[in-house]
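The two chains are supplied separately, each in an independent frame; assemble them into the complex guided by the hints.
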Amino acid sequence: MISLFSKTKDLVMKIDNFIDLTVASSFHLREGIREYMEGRFEDFERRLEKVLETENNADNLRKEIESRLYSHTLIPESRGDVLGVLESMDTIIDTSKGTMFEFSIEKPVIPEEVKPDFISLSEPVIKAVEALAYSARAFFYDVYAVKDHVHIVKFYEKECDTASERTKRKVFSLELGLSQKMQLKNLISQIDSMADNAEAIADRLSIASIKRIV
Amino acid sequence: MTAFLFLSSGLFLGWSLGANDAANIFGTAVGSKMVKFKTAAIVSGMFIILGAVISGAGAARTLGKLGSVNEIAGSFIVALAAGLTVYWMTKLNLPVSTTQAIVGAIIGWNFFSGSTTDYASLSTIVSTWILCPVLCALFSIIIYIIIKFFLKIMKIHLLKQDLFTRIGLIIVGAFGAFSLGANNIANVMGVFVSVSPFRPLEIGLMTLSDATLLFLIGGFAIALGVVTYSQRVMETVGSKILKLTPEAALVVVLSTALVMFLFASERLEFFLASHGLPTVPLVPVSSSQGVIGAVVGIGLVHGGRDLNGKVLAKIASGWITAPVIAGIVSFIALFFFQNVFNQHVFTPIYYEISHEVVIKMESEGYDRSVLENLEGTTISGTRDFKDFLTEKYPTIDEHMRNRIISLSEIIEINVDVLKISKELVSGWFTGNQAESILLLNNRKYRHLWRFYDDLISGDASWKLLPATPVNRLHNNRIRAKLDYLKRAFNEKKTNGKS
Chain V
1 MISLFSKTKD LVMKIDNFID LTVASSFHLR EGIREYMEGR FEDFERRLEK VLETENNADN
61 LRKEIESRLY SHTLIPESRG DVLGVLESMD TIIDTSKGTM FEFSIEKPVI PEEVKPDFIS
121 LSEPVIKAVE ALAYSARAFF YDVYAVKDHV HIVKFYEKEC DTASERTKRK VFSLELGLSQ
181 KMQLKNLISQ IDSMADNAEA IADRLSIASI KRIV
Chain W
1 MTAFLFLSSG LFLGWSLGAN DAANIFGTAV GSKMVKFKTA AIVSGMFIIL GAVISGAGAA
61 RTLGKLGSVN EIAGSFIVAL AAGLTVYWMT KLNLPVSTTQ AIVGAIIGWN FFSGSTTDYA
121 SLSTIVSTWI LCPVLCALFS IIIYIIIKFF LKIMKIHLLK QDLFTRIGLI IVGAFGAFSL
181 GANNIANVMG VFVSVSPFRP LEIGLMTLSD ATLLFLIGGF AIALGVVTYS QRVMETVGSK
241 ILKLTPEAAL VVVLSTALVM FLFASERLEF FLASHGLPTV PLVPVSSSQG VIGAVVGIGL
301 VHGGRDLNGK VLAKIASGWI TAPVIAGIVS FIALFFFQNV FNQHVFTPIY YEISHEVVIK
361 MESEGYDRSV LENLEGTTIS GTRDFKDFLT EKYPTIDEHM RNRIISLSEI IEINVDVLKI
421 SKELVSGWFT GNQAESILLL NNRKYRHLWR FYDDLISGDA SWKLLPATPV NRLHNNRIRA
481 KLDYLKRAFN EKKTNGKS
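Going line by line, the protein sequences match chains V and W. Everything in the first sequence is counted per our numbering, starting at 1 for the first residue and increasing by one. Everything in the second sequence is counted per our numbering, starting at 1 for the first residue and increasing by one.
Just chain W, with the same shape it has in the complex (with noise of 0.2 Å):
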């Protein structure tokens, strides 16, 4: 109960989410009463529950990699410092995104919690932001200029125009919808999915995994926010702040819904990437970003007479100043929640190099000599490790600095068929990946890897391929299982000092 308690703040960002973000991809239309907003609600609400659980897990996992937060408080304390941000931001006016509010929110808790913060995750969430109303201001000029180029030539009556662009406007809407539900379902529920509370759940033929049903419940959360606050915000977007033709506005809505799938489809980059085609990374972007590109694109069709300075210069600034903030509140309330009502809001990280620590390095080809040095090591706080191994062997190399810290990180797994026995007869694990968990019961390790390294010598198709786009989808699904049996037999109270 505790634990669906601690999901309020995700949820609550869920409806901040649907009150304000469905007015991008259903504002234009409703405010200029094209479509009805029973029917924008509708449509809307569906399509986002729908994007959020096929597609909500490619951006959820980059989020994820950014931090892995650990205790459910901690998520919690991350989804109301991101929430607080935005309802604060926005009624101070300030250009404000959940989407940068919780990269600042989980930094923040990276840096409570001692663990260290993927640059190379970060820096690519960062370029998306920059990325994404460029790709839609793109997007929108194409789009716009083969959509005038077709009106023109196609003739079509005024009022049939009008009922296509409706038709249209609902059709793309609807689009638009499933992309924000996929994309930005991880602002709501991307920090929950290390801490789920769930189990898979079988469902007839198919079955959600806990991941999954944390999408499902945040797509409701957003589906509720659409429902019940979004009509006031839509009729303001529509009729004050975008005035655009309804066929501008069914161009800026495709724009964004694209660049949105683009950001979020696991299906399409592994599409695209198959095909030899460049991808993006999966990161959730801001939709009021996408439409603003758009707009602005098509201000550029128009010879840029849309073009504000002003406007560009302010979303930039809330790159900084949202994530910043964010950071700040999510540390300070960690900081009060952790000592004032006595919460774990993390897992300290103990890390050890064992011998078999050396052993598999030295297997990978890493220099036995140094690694010698370091057996029998123990420290606890990722920063503090990498710390200590950046001054004391300034002579290893970051690649290798990874390595050691990816290897010794201590995971207690105690492996308990058991608990995982209706997951094993549901038919989520392959028959094969069952016998090989069945196979390693009773078994205690105290690194992860040992343990998905025995799982993998009972059955190969545990193996992740190599890290390239084309590979990732068939990566994240053996993730998500292997994540799964983590939580499942994960120790906790279990710690290096034991």
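The following block holds chain V by itself, in its conformation from the complex (with noise of 0.2 Å):
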């Protein structure tokens, strides 16, 4: 009986710490651009190092995780919707490290202009995929409170909508070869696409915590 406790405790505690490594990827790419931009180029690839880290941590937690709701039929009715939001949060670690690595294998050349628009473009995407974390924790916490945190990653998918379309704007009205347009507007939506993700995953929880409340 203590050791199903005790196995309960380890389980909650790993999913608390995949929902951690979840936030801190996206703060690591946030720092990653800003220091990029700033042109700190050894403390970026330093970063995506630690980025390199954290995607392979979470990877192994999740695969724990996931074979331990399986081996020991937990949550039988809510484990399809645990996994999958699981499952669709390491894409946002995967993203993460993706656009880090295409910063660190292109090496793209950002006019000075747009600096602080692919800056302020990451501060939106960092608040929606908080106010998932926030949601994905209030999933197994306290369920009635998921809808909340939902409205939170929506109102931030939009602010990134709005900004991700300024600095294309922006992008395209200066004077620059199209190709470099496009590898930035590439950049961009990439960038944009974590919050896209982060509320598609809002949207699956929300659907998993009516479930859970009926």
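Errors might be hidden in some of the hints.
Claimed, not checked - So the derived list for chain W, only partly shown, Cβ under 7 Å to chain V, looks like this:
{"id": "1", "residue": "Ile153"}
{"id": "2", "residue": "His157"}
{"id": "3", "residue": "Asp162"}
{"id": "4", "residue": "Lys314"}
No lab work stands behind these hints, which were simulated from the structure alone. Backbone N, C-alpha and C define an ideal beta-carbon position, used for all residues, glycine too.
Printed below as a string of structure tokens:
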């Protein structure tokens, strides 16, 4: 019986850690973008290493959580939803890593005029991911509060769309080659996609929480 | 040995009850894989036996009042008729419960043997068929709202909630199994109580009465049904029929268990009555109908979306069809068994309004002039006697009529203490009670009440207290001993014509 309690406690901690890693990856992305914009490329590469480590840890945690939930037939009613949400949250970490990789590989030249826009675009992305983390935690601890956090995710996703559109327009208004414009546009879209992902996961959480309340 | 063979129909009924009804308790838990079947089977088997032995007497007594089957071959047929009805109706996908089938089968015996049916007991039993699902719904509404409230304010992690629910499902399941055993053992063994082939058994410091031994064997039969055949039923119930969250399943099982316990426990009845709280009659009820009531209760909390009128109408139809079919099957089977196999399925009851009956009734304040006309009347069959009194003496009210019938019954008692020597020293009877029996050794009686009266004059502790719910537990304990003495000293072959 005691071992059952300690095993449950351990699994609760693992899920909490996984959510923490998701938020951490988005924080790394924001800081990484800032470092890149400020020309601190060595710091950026070191951060990329950290993101890779975060992604690795998150993957291991997710697999462990998944196998524990299945092998012990835990939360039979919500298992599908929980695993689905955790898998989707993993894509947020992947996107953080992927975006930073693209900066690292392509070494895009960012015109001075749009650098502040890139930094400010990362802000609502972080907020959306943060609110998603709150929603996910609420799903486990306080299912009635999920919808409040989901609203915040949606709000920041809209903010992100606006910021992304504004930045793209600015890029295309500058005297740059088309290839450079396309490259920057892709990077903006990739950063923005994190908020889109966050919104999709929040929607899923919202439905799963309704199922649990009923 | 023959007596044990006759018990087989009751054991079959118990087995089928275990196979089907344990799913009402552990179905959702096992079906949703929250609890392993092995755990469910061990816990329910154990607690069903405990419930049957510890709290089985109350509901069985009420069933006994409906009709006291007085030959074990009759009990065999009554239980068999109920078992066949349940099997056949289940096969035809008709709603049926053992509880309702056994009532019909007993009434079938009453008709066949010329006994009267105690309509007061019958109406009590029938009213509980309606009361049980209604109470289950009420309990589940209250418990569900409370649990939802606590889950909302306590903010327990989903995984911890899952763990607590699993533990809760096992604990509540154990309680449910206890209640099922306590309440439904009456269906399985109730008809055998008055013809029990057992003697009280002394185990260490305690003595198990003959009825308790019957309940123990019946409990094992139910447990065997759970272990051997309930897995598939549980998985079907859990995964297909009841789509409930584990928390709601817990509420359903808890409400049903509480209601079944309420309808079974003499101790709870005593506790409620002694605190001035309302009590419910101790009657076997259907766990399946209880569960449906509880599920409807949860549906009502959700705004009545799950309320299916057709399901409810189907249950209500079972209240009529099951007893009617079982009654007919029982009647035909009794006829067949008596005339083809030449078995005694009932002992005819003889009545004689002897001088001592007249004196006794007069002492109780009844009109002597009417009684004097009746003195010397002998008749066989309860129904015939009742009809005779009603037709010839329409001025006699029902109360007096019932009293005449009860006092005039001829039960030849020949007190032979050697027959109960083991019980006399076992401690089942108190010292004074044993002494009062010894004093009456070798005495003969034609009426049971005469024997009881003499017992009371030997030791006042034999006296029954006024029939109130508070006194019921005490009275039932005395009655169990009196019934045993009656069976031990009764000279069955002797009748009024001797």
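Against the structure, the hints:
1. Ile153: Given a least distance of 10 Å, the restraint on Ile153(W) is violated.
2. His157: For His157(W), the interface hint holds, since the closest Cβ of chain V sits about 5 Å away, which is under 7 Å.
3. Asp162: holds, 5 Å
4. Lys314: Since chain V brings no Cβ nearer than about 25 Å to Lys314(W), farther than 7 Å, the hint is violated.
The structure fails to meet hints 1, 4 from the earlier list, while all remaining hints are met.
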